[in-house]
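Numbering-wise (this note's numbering), the sequence shown opens with residue 1 and increments by one.
Since the hints were derived computationally from the structure, they do not count as laboratory data.
Positions of the beta carbon are idealized from the N, C-alpha and C atoms, including for glycine.
Each hint should be verified, as a subset may be incorrect.
Result set (DSSO-like, lysine-lysine): computed pairs, CA atoms no more than 30 Å apart in a straight line [claimed, not checked]: (1) 177 <-> 105; (2) 2 <-> 105; (3) 177 <-> 23.
Restraint ranges, calculated between C-beta atoms of paired labels, are given here [what the hints assert, rightly or not]: (4) 232 <-> 43: 17 to 27 Å; (5) 132 <-> 253: 30 to 40 Å; (6) 183 <-> 148: 25 to 35 Å; (7) 43 <-> 189: 20 to 30 Å; (8) 105 <-> 140: 17 to 27 Å.
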Amino acid sequence: MKDAILYIKEQIKYFRIAVNLSKYSTKSTSMQNRLGRLWEILDPLVQLAINYIIFGILMHRSAPAGLPPLSWMFIGMGVYSFAQHIIVTGSKSVSTQFKMTAKMKFPVSIMPTASMIGFLTEFYIMVGAGLVIAMFSGYYPSLYWLQLLYYLPMLIIFSLSLSLLCSSIEIVFPDFKFFLNYIFKFLMYGSGVIFDLSQFKVIPKFLIQAQMVDPFYYLIEGFRDIAFGRAWFWQKGMFNVSFWLLTIFILIVAANFHMKIRDRISDYL
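Work the whole structure out from these sequences, hints included.
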């Protein structure tokens, strides 16, 4: 537990450095493109358009309970893409940036956090587009929007915890990055990101109900509850407890693993 507390203290203490690292990385990347930072807006919008054409129009997959499918899909993709980018990119950030951090006076544990900050723009665009479309569909801002103060921190804490764990595993076992990509490809369809799994009659009901144990599904549906005013987070009972326990467990294991190998990272790379 003390390793988890130390990790949290490092994120708070060196947060400004993480922000500066993110800004430098974003600026460096944008300078290599003709359109510069405009791609931060265009890229998520193009992703949304392609997936909606394929799954929303060509495959006729609609949202459950008559909800606006475009808004429903955009919110799901925004939350999932944000978590995926934090975990996948963050898992590689420690090994790829270790030499730089070794010369600086800040801990390598802030690298996943720096990566996370760089993806906030894409998250705001995707989820924001979903919320705007929901308003045009009659789902206006309500008190349910206050749940952003709960679900956004939970999304960040869970994603960073898993990112830290994956970054430590990848240092010891470099091939892990391939398995991580396969897992996220499966979760994109298994976590209700693009279409509602209850539409498929071949899937047993108990598996559909068990989706709430999936932390990605829990977070995605939470943001959809915000947009469509369906439920408050405290009404989810044991699903809240299972999410918190899983997140705390991952954070403790990840921090412990990271602290154990941090002084020996150079031996693995």
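**Prompt:** Quick check: which numbered hints come out false for this structure?
**Reply:** Hints 4 and 8 not satisfied by this model.
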